[in-house]
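If you count by my numbering, then the sequence shown holds residues 1 to 344, one letter each, in order.
Rather than coming from a laboratory, the hints here were simulated on the basis of the structure.
Some hints could be false.
[Unchecked claim] With a straight-line Cα cutoff of 30 Å, these simulated BS3-like cross-link-like pairs (lysine-lysine) come out:
id, residue 1, residue 2
1, Lys250, Lys303
2, Lys237, Lys303
3, Lys250, Lys237
4, Lys237, Lys248
5, Lys145, Lys169
6, Lys303, Lys211
7, Lys245, Lys257
8, Lys46, Lys170
9, Lys163, Lys145
[Claimed, not checked] Simulated restraints on C-beta separations:
id, residue 1, residue 2, range
10, Gln168, Leu331, 21 to 29 Å
11, Ser283, Gln168, 36 to 44 Å
12, Lys257, Thr335, 41 to 49 Å
13, Asp287, Lys199, 30 to 38 Å
14, Gln168, Ala243, 47 to 55 Å
15, Leu35, Pro341, 44 to 52 Å
16, Ala156, Lys245, 51 to 59 Å
17, Tyr174, Val255, 15 to 23 Å
18, Leu35, Pro166, 37 to 45 Å
These figures come from a predicted structure and were not determined experimentally.
Note that beta-carbon positions come from the ideal geometry of N, C-alpha and C, so glycine has one too.
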Amino acid sequence: MKLTPFFAAVFAAVLVAGVPLPAQADATMDAARDLFEPLPAAPIFKGVNPANDAKIELGKMLYFETRLSKSNAFSCNSCHNLANGGVDNNPFSIGHQWQVGGRNAPTVFNASLHIAQFWDGRAADVEAQAVGPELNPVEMGSTEKLVMDRLSSIPAYVALFKKAFPEQKKPMVYANVGNAIGAFERTLLTPSPFDAYLKGDDKALSSQAKKGLVLFMDKGCSNCHNGVAVGGNSYQKFGMVNAPKDLKDKGRMEVTKTEEDAFVFKVPSLRNIELTYPYFHDSRTWDLSEAVRIMGWTQLGVKLADAEVGDIVAFLRSLTGTAPVVTLPVLPPSTPATPLPDRN
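Produce the entire structure from the sequences given, and follow the hints as far as they go.
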């Protein structure tokens with residue numbers, strides 16, 4: 001059996017230690033466990049934003065609530081569709097007054113496990129991210145005052161905020177919109193065959209997916225795409241080895257104002273990547289195989305063979321998880337006092 005450099009090193013270390021040579025399947029699983037983690041069995045909630053059933057339910061309602069947008073036309077689900085991989089599958093999302101955003105909308109599934117939110121990491125967590133789009137003039141075009149005036153004019157929401165935040169005397173504040181939506185988003189975990197594999201089920205992955213996993217580790221993809229989210233936990237320059245000539249978006253530099261952060265972006269999670277096309281912050285390709293080739297060349301300086309690409313894609317498909325069942329909430333009706341949408 002011909003060993004890749006990755007497994008040659010693993011087996012050499014085992015032999016030096018005087019331990020019997022393990023089967024390659026066991027070595028692959030052990031190596032994967034050193035780099036990746038299965039999804040947590042239950043959502044992880046922030047200590048400053050403890051969850052309760054009422055808060056999660058309120059967050060779900062607000063996630064689908066178009067009245068958070070100035071035009072009464074857009075909700076969180078418009079760009080992060082829970083029935084569609086947590087994305088809208090558009091190159092750039094459509095927002096207020098049919099404006100188009102400048103970056104591809106990432107998936108909301110498993111987003112709470114990331115180091116930060118947005119491609120440039122400008123929001124610390126899902127709670128902070130959830131209060132951004134409402135105020136963005138290109139996305140939902142609203143204001144804090146308009147959002148809270150509308151919600152406060154609906155008695156059912158007033159009661160729901162009190163129930164969701166029982167420790168607060170005045171829970172009808174804009175920050176709690178993000179706290180509730182964030183609590184709901186933390187429940188959006190998608191366990192996959194790869195999680196079953198990491199937990200010890202060797203049959204959870206096909207033989208081709210296992211070959212792809214070996215290549216993924218051996219070629220260096222896992223240097224950046226690792227951890228529980230298979231990415232999402234670091235920042236890297238796009239074009240580390242071979243920079244594309246058409247790059248325009250300066251990425252994280254727009255947040256830090258530091259030149260060394262030019263073209264640096266948060267490494268995206270690869271969970272559910274099969275469903276979240278088009279790919280990259282600038283949606284440069286709709287094809288997952290082409291995305292793998294681009295990453296091999298730009299980040300690793302490697303031109304992957306077709307067979308290698310096919311195997312890696314087979315592994316990536318094992319990251320497609322089971323989405324949680326989310327029933328559409330029945331939203332409370334507006335009252336005569338509810339501020340009417342201003343479509344300008």
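message: If you test the structure against every hint from before, which numbers come out violated?
response: Violated hints: none; all satisfied.
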